[in-house]
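Taken in sequence, the protein lines are chains B and H. Counting from 1, one number per residue, gives the positions in the first sequence under the working numbering. Counting from 1, one number per residue, gives the positions in the second sequence under the working numbering.
No wet-lab data here; the hints were simulated from the structure. Where is the CB? At the ideal position from N, CA and C, for every residue including glycine. Careful: at least some of the hints might be erroneous.
No farther apart than 16 angstroms at their CA atoms in a straight line, the calculated lysine to aspartate or glutamate pairs in the EDC-like style are these [said to hold, decoys possible]:
no. : chain 1 : residue 1 : chain 2 : residue 2
1   : H       : K30       : B       : E232
2   : B       : K23       : B       : E232
3   : H       : K28       : B       : E232
Not everything, but these chain B residues come out facing chain H in the computed CB check (under 7 angstroms) [said to hold, decoys possible]:
no. : residue
4   : I59
5   : D153
6   : A158
7   : L211
8   : T224
Label-pair restraints from in silico Cβ distances [as the list claims (entries may be wrong)]:
no. : chain 1 : residue 1 : chain 2 : residue 2 : range
9   : H       : M25       : B       : P155      : 17 to 27 angstroms
10  : B       : W239      : H       : W9        : 20 to 30 angstroms
11  : B       : I171      : H       : R36       : 20 to 30 angstroms
12  : B       : Q52       : H       : K30       : 38 to 48 angstroms
13  : B       : W239      : H       : M1        : 50 to 60 angstroms
14  : H       : N32       : B       : I20       : 20 to 30 angstroms
15  : B       : L76       : H       : R29       : 43 to 53 angstroms
16  : H       : W9        : B       : V38       : 14 to 24 angstroms
17  : H       : M1        : B       : M24       : 32 to 42 angstroms
18  : B       : F87       : H       : K30       : 23 to 33 angstroms
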Amino acid sequence: MSKRKMNWYKYAAPANFYPIAGKMIPVFTVLTVLLFVVGLYVGFFIAPTDFQQGESYRIIFIHVPAAWMGMFLYVLMALYAGVGWAFNARLGSMMATAISTTGAIFTFISLVTGSLWGRPAWGVYWVWDARMTSTLILMFLYIGFISLQSSIDDPRRADRAGAVLALVGLINVPIIYFSVQWWNSLHQGSTITAKSFKMAPSMLAAMLILLGACWMYSIAVVLTRLRYIIREREHEAPWLAEAVV
Amino acid sequence: MGGYAFYVWGSYGVTFVLLAGEVLMLMKRKRNLAAREDPPEYETDSSPVAASFQELQ
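Next up, chain H with everything else stripped away, as it sits in the complex (with noise of 0.2 angstroms):
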C-alpha cells in the first residue's frame, strides 16, 4: 500500500467491523424478540439432587 497500509487497511477495518457489528446487533435484537414472543417452558428437575431435595421436604 505504498506506506499508507495503516490508513486505507485502517478505513475498511473499521467500516466492516462496524458494518458487521450493526448485522451482530440485530442478530441479538432477533433472539431477544423471539424470547420475549416465546418464553421457554420450565421444566421441573428431575435430578436425583432435586429429588433428595424434596423428600427432605
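Isolated chain B, as found in the complex (with noise of 0.2 angstroms):
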C-alpha cells in the first residue's frame, strides 16, 4: 500500500504559498462576516442582561476575543519570525510581518474596550494594574517590533532584528495571562479555566463565536497582507509574473 505524504517544505516558498493563500482568503472573508453577524446576534439578542453589571457586560464579549488575539497573534508572530530567522526560511519572516499589524491592531481594541467597561464597572478607565499594563506592553511590543522592521532598508536585517525582538518580548505573554493570579488586581480572574466556566451558556456562546469571527477575520486579514508582501519583495521573481495576481 502506498502513502502519499504531503510535502509541507513545499509551502515554504512563496512562489507555492502565493496562489494557495489567494484561494483561501475568500473563505475565512465570508466566515468572517458570517460568524460576526451570528455572534452579534446573540450578544445583543439571545444573551440575557447580567444582574450584577447590567448591560454593560456585553462589552466582554469584544474584549475578551480581542485580548485573547492580541496574546494569540504575539506568541504566532514570534514563533514565525523564530522559524524564519532560524531556519532562514524567508515566508516566515514575512509572516510574522503580516500577523503584526493586526496583532498590535487587536491589543489596542482590547484596552480602548477593556477601558470603557472599567469605567461602569470600576469607576475608572484606567489604572495601573498588573493585567492592564502588561496589556500595555505587549501593544508597545507591537509597535517595537513595527518600527524596528521599517527602520531597517534591508528587509533580511530588519527580519533578523524583529525576530530578536519579538521572542524576547514573548516572556510578557505568561506575565499578562498569570498576572490576575500572582498579583493582587482590580481585573477579574479567568472567566473560563480548563475545568470550568462562570458565565451563562448563551453568553459564553457569543463570546465564542465572536472569538471565531476575530480568528477568520485574522487569518484573512494576514494572508492579503502576506501576499502583498510577497509582490513587494519578490518583484524581481520570474514567478510572480506569471502568478495570478
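Put the two chains together into one complex; each comes in its own frame, and the hints tell you how they fit.
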C-alpha cells in the first residue's frame, strides 16, 4: 500500500504559498462576516442581561476575544519570526511582519474596550494594575516590532532584528495571562478555565462565536497582507509575473 | 442599554472602525502595488491648447 505524503516544506516557498493564500482568503472572509453576524445576534438578542453589571457586561463579547487575539497573535508572530530567523525561511519572517499590524490592532481594541468597560464596572477608565500594564507593554512590543522593521532598509536584517525583539518579548505573554493570579488586581480572574466557566451558556456562546469571527478575520487579513509583502519583496522574481495576481 | 450605551456602543464602534480601517489600509496598499507594478502610460496631450502651445514653440 502506497502512502501519499504531503510535502509541507513545499509551501515554505513564497511561489507555492502565494496562489494557495489567494484561494483561502475568500473562504475566511465569508466565515468572518457569517460569524460576526451570528455572534453579535447571540450577544445582543439572545444572551440575558447580567444581574450585577446590567447591559454594560456586553462589552465582554468583544473585549475578551480581542485580548485573546492580541496574545495569540503575538505568540504566532514570535514563532514565525523565530522560524524565519533560525531556518532562514523568508516566508516565516514575512508572515511575522504580516501578523504584527493585526496583533497590534487587536491589543489596542482590548485596551480601549477594557477601559470603556472599566468606567461603569470600577468607576475608572484606567488603573496601573498588572493585567492592564502588561497588556500595554504588549502593545508597545508590537509597536517596537513594527517600528524596528520599518527602520531597517535591508528586509532580511529587519527580519532578524524583529525576531530577536519578538522572541524576547514572548516572556510578557504568560505574565499577562497569570497576572491576575500573581498580583492583587482590580481586573477579574479568568472567566473560562480548563475545568469550568462562570457564564450563562448563551453568553459563552456569543463570546466564543465572536472569538471565531476574530480568528477568521485575522487569517483573511494576514494572508492578504502576506501576499502584498511577497509581491513587494519578490517583485523581481520571474514566477510572480506568471502568477495570477 | 440601561444607561451604558456610550460604553457598549463605544466599544463596538471603536472595534469596527479599527477593523474597517485595517481593511481600507490593505485596499490602499493593493492600489499602490498595482500602480507600481503596472505604471500608467502617459498619453501625449492632443488638446487644442497643447497643439497651439506646440505651434508657438
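Against the structure, the hints come out as follows:
{"no.": "1", "hint": "H:K30 / B:E232", "in the structure": "10 angstroms, holds"}
{"no.": "2", "hint": "B:K23 / B:E232", "in the structure": "19 angstroms, violated"}
{"no.": "3", "hint": "H:K28 / B:E232", "in the structure": "14 angstroms, holds"}
{"no.": "4", "hint": "I59", "in the structure": "5 angstroms, holds"}
{"no.": "5", "hint": "D153", "in the structure": "17 angstroms, violated"}
{"no.": "6", "hint": "A158", "in the structure": "18 angstroms, violated"}
{"no.": "7", "hint": "L211", "in the structure": "13 angstroms, violated"}
{"no.": "8", "hint": "T224", "in the structure": "5 angstroms, holds"}
{"no.": "9", "hint": "H:M25 / B:P155: 17 to 27 angstroms", "in the structure": "20 angstroms, holds"}
{"no.": "10", "hint": "B:W239 / H:W9: 20 to 30 angstroms", "in the structure": "48 angstroms, violated"}
{"no.": "11", "hint": "B:I171 / H:R36: 20 to 30 angstroms", "in the structure": "39 angstroms, violated"}
{"no.": "12", "hint": "B:Q52 / H:K30: 38 to 48 angstroms", "in the structure": "46 angstroms, holds"}
{"no.": "13", "hint": "B:W239 / H:M1: 50 to 60 angstroms", "in the structure": "53 angstroms, holds"}
{"no.": "14", "hint": "H:N32 / B:I20: 20 to 30 angstroms", "in the structure": "24 angstroms, holds"}
{"no.": "15", "hint": "B:L76 / H:R29: 43 to 53 angstroms", "in the structure": "21 angstroms, violated"}
{"no.": "16", "hint": "H:W9 / B:V38: 14 to 24 angstroms", "in the structure": "20 angstroms, holds"}
{"no.": "17", "hint": "H:M1 / B:M24: 32 to 42 angstroms", "in the structure": "37 angstroms, holds"}
{"no.": "18", "hint": "B:F87 / H:K30: 23 to 33 angstroms", "in the structure": "30 angstroms, holds"}
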